[in-house]
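Sequences listed follow chains C and D, in order. Residue 1 is where the first sequence starts when you use my numbering, and the numbers rise one by one after that. Residue 1001 is where the second sequence starts when you use my numbering, and the numbers rise one by one after that.
Bear in mind the hints are in silico, worked out from the structure with no lab data behind them. Some hints here could point you the wrong way.
Unchecked claim - Cross-link-like lysine-lysine pairs, in silico, DSSO-like; alpha carbons within 27 Å at most:
#	chain 1	residue 1	chain 2	residue 2
1	D	Lys1108	D	Lys1242
2	D	Lys1148	C	Lys197
3	C	Lys63	D	Lys1148
Nothing here was measured: the structure is a model prediction, and the numbers come from that model.
Okay, here's what each chain looks like letter by letter:
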Amino acid sequence: MSTGSDMPVVVELPPPTPADPSKLDAAASQQQLSADLGTWLPTTSSNGSECVSFQNVGLKFRKYGGGGAGSLKQAVLDRFFRKNYRQTSEFWLYRDLNFTIRRGDRVGIIGHNGAGKSTLLRMICGIYRPSLGTIAVTGRIAPLLELGAGFNPELSGLENIFLNGAVLGFSRREMARKVESILDFAGLRDHARVPVKYYSSGMQLRLAFSVATDTDPEILLIDEVFSAGDQDFQDRATRRMHHLIDASHCMAFVSHAIPHVKQFCNRAIWIDHGRIAMSGSVDEVCDAYQHSTPSQI
Amino acid sequence: MSPPVLQPASAAPGAAPKAHRAGRQRTYNAPGTRFLGGKLECLLPSVMWRHWLDTWQDRYVFLNLVTTQLALRYQRSALGFFWTLLNPLLMLTIQAFVFSAVLGANFKDYVVYLLAGLVPWQFFGGGMENGCRAMLFHEGLIRKVSVKKLILPLAEITVAGINMLFALTALFVICLLSGAPAHIQLVILPIGFLLMGVFLTGCALVGMTLVTRFRDVEHFLSIFLQALYFATPIVYKLENVKRLEPYVRFNPLTHFIAFFQHGIYYGTWPALSTWLWAIGMSVGMLFIGYVTYAWNEDDYVYRL
Chain C
1 MSTGSDMPVV
11 VELPPPTPAD
21 PSKLDAAASQ
31 QQLSADLGTW
41 LPTTSSNGSE
51 CVSFQNVGLK
61 FRKYGGGGAG
71 SLKQAVLDRF
81 FRKNYRQTSE
91 FWLYRDLNFT
101 IRRGDRVGII
111 GHNGAGKSTL
121 LRMICGIYRP
131 SLGTIAVTGR
141 IAPLLELGAG
151 FNPELSGLEN
161 IFLNGAVLGF
171 SRREMARKVE
181 SILDFAGLRD
191 HARVPVKYYS
201 SGMQLRLAFS
211 VATDTDPEIL
221 LIDEVFSAGD
231 QDFQDRATRR
241 MHHLIDASHC
251 MAFVSHAIPH
261 VKQFCNRAIW
271 IDHGRIAMSG
281 SVDEVCDAYQ
291 HSTPSQI
Chain D
1001 MSPPVLQPAS
1011 AAPGAAPKAH
1021 RAGRQRTYNA
1031 PGTRFLGGKL
1041 ECLLPSVMWR
1051 HWLDTWQDRY
1061 VFLNLVTTQL
1071 ALRYQRSALG
1081 FFWTLLNPLL
1091 MLTIQAFVFS
1101 AVLGANFKDY
1111 VVYLLAGLVP
1121 WQFFGGGMEN
1131 GCRAMLFHEG
1141 LIRKVSVKKL
1151 ILPLAEITVA
1161 GINMLFALTA
1171 LFVICLLSGA
1181 PAHIQLVILP
1191 IGFLLMGVFL
1201 TGCALVGMTL
1211 VTRFRDVEHF
1221 LSIFLQALYF
1231 ATPIVYKLEN
1241 VKRLEPYVRF
1251 NPLTHFIAFF
1261 QHGIYYGTWP
1271 ALSTWLWAIG
1281 MSVGMLFIGY
1291 VTYAWNEDDY
1301 VYRL
C-alpha cells in the first residue's frame, strides 16, 4: 500500500482571516470547545500515508524584552502599574496554516528571512506547541535544524552520538550497533574521543547529519545545513539523501538556495508573513518566488 | 515458551534487524479552553497520563544525561570515580572538625550528628542548585531538539541523589571509624530518602520555573538556601534552641532530616508528627511542582 511520490501536497490556501488576534481567539475558542478533552489522545489519521498534517495551526510567538527572561522587578512593576515594562511582544507568526506532507513527498520550504520557515520545522518537531489548531505527525523524526543541534560541547563525539540517538529515541545498546557506521560516514573515526567543542563546523555538521540519517528516520527535517561540509561530504550526503528519499521517507527542507531546493524537492511551499503564499510543484513555486523578489539575482 | 514465529517471507535471513519504530504518532494540540482557559487541564487524568508517556518516551535522554554528568565530573582526574567517595569523605571531615572545634562539642559524638544532617542537606541543596538551573544548563536541548523538559530537572535531582548515596557510604565509613553504634532504625533511611526526593522534585520544579522566568531568582537562590540551611537543625540540635523550636519545627526540612538523624544518630523512631509532616509536605509539594511545570511547559522555550 505504498503511495508513490506523485502524491500531491495537499495545501488549502487559507481564507483571508482578520488580522485582529482577539477575533481569532474567539473563533478558536469555539473550535476548541468541541474537542477539548479528546484532543489529548493521539488521533489515528484516516489516511496512513500522511506524515505531517497541519490543521488550522496558529502560533502566537512571544518575545520577552532583555533577551528572553524577564526580571522580577519588571514583573512586579507590571502587576502594580498595569503597564508593560518588560517590552514583551506577542505576535501571530502563523495564522490558519493548513498543509499535509505525505509519504514520499520532498517539500522545499522557501521564503524571505524571518518568514517563519525554521519555526515551521521546529513546530513539526514539537519544540513549539501550537497556540491554535492541531499538528499530527506520524513516524520518527530526524531533525537537522541547526549546526550541532542538541550536541553537548563538553562531551566527546562518541558520547554525543549516544546523546543524539537518545533524543531520537534509541537506547544506548541500539546506538552502539550504529556507532561504527556513523563514524565511518562522518569520517570522524580519529576524532571520536575529542570533545565536540574542538570540532570545526564542518565536522559538527558531518556528525549531526550522519547520526540523523543513520537512524533510519521516517521524516527528515533539514534546515540550511548544506552550506558547510566539503565537496566530498556533500556528494556523499547527496547520495544518502536520495537513498533516504527513495526508501519512501518524507522530507521537509528549508533553504534559501533555490538550486538546492530544485535538486532535492518535488514540492515546494512558499511562506510569506506567516501564511502560505503559494504551494505546488517545485519549479512553479520557485519561479514565482524568484520573480517576486527582483532584488535577488 | 512461545512457539517459534514464522519469519515473513520478505525478511531476508540473517539481515540486520531494522531499527524501525513505525507508526509513532504524535499530536500537538493548542491548549484547551476549558478549565480556566486550559490552565487546569493538567489535573485531568488523561493529561497526567500524557505527561507520563512523554516522559517515558525520553527515558534514554534521561539516562544519558545522568551517566554523562557523573562521568564528566571525574573524567580528567587521576583518581577518577574514586573521587565520588573521597570528595564527600574529606568534605564531611572538614565540616565536622570545624564545627566541633567552634562549638566545643565532643567530636566523636558531634561528628555523627552533624553528618547525619549534612548528607541529606547536601542532597537537597545540591538538587535545588542544579535542578532549578536545569533549563539554563540544557538550553541547547530545549531550543534545538524536542525533549520532554521534565526530564532535565529530574536528571539533575537523580544525580544529586546518586551523589548522596556515595556520601552516605562515606558517612558509614566515618561512623565505623568513630565507633558509633549501628541502630535498627537505619531501615527508615530509604523512606526518608524517598520522601525527601519527592519533596525536592516539587521544590525544584517550582524553583526552576521561577529561575527561568525571572533570572534574578537565580542569584537569590543560593542566599535562600543558605538561610534555609541555618533554619534547619543540622549544625545545632533541636533541643538546644528552646525558644525558637516551634519555628524550626515549621520548616519542612527539619522533618525530612529528622528521619536521618533518628536513624543514624539517635537510634529512635521518628515521631508521628514527623511522619505526617514529611508525607504531607512531599506529596503537596510534588503536586504544586507538577501544576507549576504543566502551566509553564510551553512557555520555557520562549524564556531562554
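Q) Looking at the structure, which of the earlier hints fail to hold? A) none
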